[in-house]
Amino acid sequence: MGYSKDQLLVRLKELQIDFSQYEHPVVLTVEAQAKYVGNMGGALSKNLFLKDKKNRYYIVSALGDTKVDLKVLSQRLGLGKGGLRMAPEETLVEILQVPLGCVTPFAVVNESARHVSLLLDQGFRTHERCFFHPLSNDMSISLDACGLDNFLKSIGRDPSYVDLEANPPVGKDQPPDLAAYVPSVSTVLPDLPEKAPSSQNSIGNHVSAAINSAAVTAKVVKPAGNVQNVKEKSVNGVRPLFPAADVGKFVEQLLDRASALLLSEISEDSIKQHGGQLGAEVANNIKKCLREDLKNLATIFKNTAYTEGFYTGTHYQPKRL
Amino acid sequence: MEKKEDNQQEEEQVVNPWEVSGKDGGKIDYDKLIDKFGCQKLDQSFIDRVERLTSRPPHVFLRRGVFFAHRDFNEILDAYERGDKFYLYTGRGPSSEALHLGHLVPFMFTKYLQDAFKVPLVIQLTDDEKCMWKNLSVEESQRLARENAKDIIACGFDISRTFIFSDFDYVGGAFYKNMVKVAKCVTYNKAVGIFGFTGEDHIGKVSFPPVQAAPSFPSSFPHLFSGKDDLLCLIPCAIDQDPYFRMTRDVAPRIGYHKPALIEASFFPALQGETGKMSASDPNSAIYVTDSAKDINYKVNKHAYTGGQESMEKHRQYGANLEVDIPIKYLSFFLEDDAELEHIKKDYGAGRMLTGEVKKRLIEVLTELVERHRTARAAVTDETVDAFMAVRPLPNMFD
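If you're matching them up, the sequences are chains A and B in order.
Going by the numbering used here, the first sequence opens with residue 300, and the numbers climb by one from there.
Going by the numbering used here, the second sequence opens with residue 62, and the numbers climb by one from there.
Rather than coming from a laboratory, the hints here were simulated on the basis of the structure.
Take these hints with a grain of salt, some might be off.
[Said to hold, decoys possible] The calculated label-pair distances, taken between Cβ atoms and stated as ranges, are: (1) Gly400(A) / Ser268(B): 50 to 60 Å; (2) Glu429(B) / Val546(A): 52 to 62 Å; (3) Thr351(B) / Ile570(A): 51 to 61 Å; (4) Lys251(B) / Glu551(A): 56 to 66 Å; (5) Gly470(A) / Glu136(B): 20 to 30 Å; (6) Phe229(B) / Lys601(A): 24 to 34 Å; (7) Tyr460(A) / Asn345(B): 48 to 58 Å; (8) Asp92(B) / Pro467(A): 42 to 52 Å; (9) Ile108(B) / Asn583(A): 22 to 32 Å; (10) Gly337(A) / Ser268(B): 24 to 34 Å; (11) Val546(A) / Tyr249(B): 33 to 43 Å; (12) Asp462(A) / Asp447(B): 31 to 41 Å; (13) Asp592(A) / Ile108(B): 18 to 28 Å.
From the three backbone atoms N, C-alpha and C, an ideal C-beta is built for every residue, glycine too.
Looking at chain A on its own, in the form it has when it is part of the complex:
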């Protein structure tokens, strides 16, 4: 279950992080929040929950007056122009487990948000204290950047601050400077009829038990297809990790190549030219032309099967003695 506000406050106290808390009526916007804590000597933060086209999620936490340009950010992350947009409301609840209007860096404490990338405004460091919602919008807490860092470190997150207003050029010689912030795992929300407890929602590489689900048959990707295609198909709420080495598909590919070549080799002209010898001629040509092609397909198949074995081998549970 998601962390509650009280659990978070207790945790902060345990970590001896210095903070001040202010209760107020529920607020949904920075302006509303400002009415209650705007003059309390801390900088307000605006928090955006964003998503890219490959189901990867980001929390951008910035000072209220830092200009955040989603187009620029998208490019700096290497997502192209327009690769980033506000995440749909349901995902706030599902992934961050916070109510609407309550996006906050603290939300990454939740297991369901383990693959959400966190971008913090370097402006936070220049203020003595900054305000965030502690997982609930009827309270604001203020703490300094150090305190936030300590909290993030305690949950295994690496606190790093970014100049959100910078607009560096991005091109073939200048790699997107924020590319390291793109999560390596996308978060695919399951369409299960009943909600599974959040620990099993952990989507990503840690799904050893779920691998057994028989339906892990992602397609071997079509040519010119998206490299990430495979990762996005989700069966039974489980993202298949890699295409299975599918013998049937492999054989079909080989047969397709061979029959395409056969058809091109046997024509009226070639029959006229070779007559009875056409068989031998075609057989020879097929061997010559197909050899490399089939080897390539076979290598892909072999590598896939090996990878399956490798993954399984590194994740099996040794016999209990």
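With chain A fixed as given, assemble chain B onto it according to the hints.
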């Protein structure tokens, strides 16, 4: 890395790991390079011998003289004939996400060598080098290394005989011990002489060369070659990497190791011509593995430098200048059929074939190549990369 302005006369061509330019901005003189570097030319007798030993046609890059120079390749072949195997070592500096065909050339050749001789291969991703020279963050260079690994894997290496490693991950242990052994044998002055370091270069750069030298020694990979200290190493690379391995070969006997052998390639020309620079910031200077058929069509048609004459009549009369024609050069890299290439060269050179037709054939060849690469690339997942990069035994590596 500063240019070696003091060492270099204005007229000379410059070839080192960080800069390649011809004399007066012209073509590279490879014969002169072989002389200057002191390596050997790879002649037809070698190619025939390789064909005989491997019982298969020699790779197109050998037939067309793309791989044209070597050091001690004959020793490798002698050992192979005796029944002593060897291992392959090649690498990439992951400086950008976008790989172009020129980047793939050494890998395509290495894959052929692996298949033909049935030997294991180590691939070094010098993420530390790029972090230092291109001022990338550590995380970014590691990320690029993994991304590049996917394209490398897509070249078709055999996972049961290939170990890919990144310096940030792997340096340490036996590998580091060899790095120190190498480093002890190269004075600072020598390093300056070979690589052109100046007082302004940071010490990371100065201490990098042993990192690229260490994989030449089997003891750097105890999980693969333990007990096989005598195993020979063959390094396919582009000829601008020669300085690293000249240094390595110099050091090897002093630390009791075999010298690694080299087989070296000429440079892949930019689309706009030999004298043009292939630049990562100019997408039209090269064909990238992510280019669509449309992109390839556009780039070849609009940006390839040709040797065709200005007008149809002139062309029919004088024929094309094959020396500078890029489509012909590219076809000589990638068109498998020797007879067809000969025919095209003859007809184009005589003016019977037009530039447009040559370009059309090139576009076909390149599109097929890039398509095949993309299919293979799409099947490579993060787990595949993990498997290739895992420090694991390769029990069948010589079978």
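Hints, verified against the model:
no.	hint	verdict
1	Gly400(A) / Ser268(B): 50 to 60 Å	holds (53 Å)
2	Glu429(B) / Val546(A): 52 to 62 Å	violated (26 Å)
3	Thr351(B) / Ile570(A): 51 to 61 Å	violated (42 Å)
4	Lys251(B) / Glu551(A): 56 to 66 Å	holds (59 Å)
5	Gly470(A) / Glu136(B): 20 to 30 Å	violated (45 Å)
6	Phe229(B) / Lys601(A): 24 to 34 Å	holds (28 Å)
7	Tyr460(A) / Asn345(B): 48 to 58 Å	violated (38 Å)
8	Asp92(B) / Pro467(A): 42 to 52 Å	holds (44 Å)
9	Ile108(B) / Asn583(A): 22 to 32 Å	holds (24 Å)
10	Gly337(A) / Ser268(B): 24 to 34 Å	violated (54 Å)
11	Val546(A) / Tyr249(B): 33 to 43 Å	violated (58 Å)
12	Asp462(A) / Asp447(B): 31 to 41 Å	holds (33 Å)
13	Asp592(A) / Ile108(B): 18 to 28 Å	holds (24 Å)
Hint compliance for this structure: hints 2, 3, 5, 7, 10, 11 are not met, and every other hint is.
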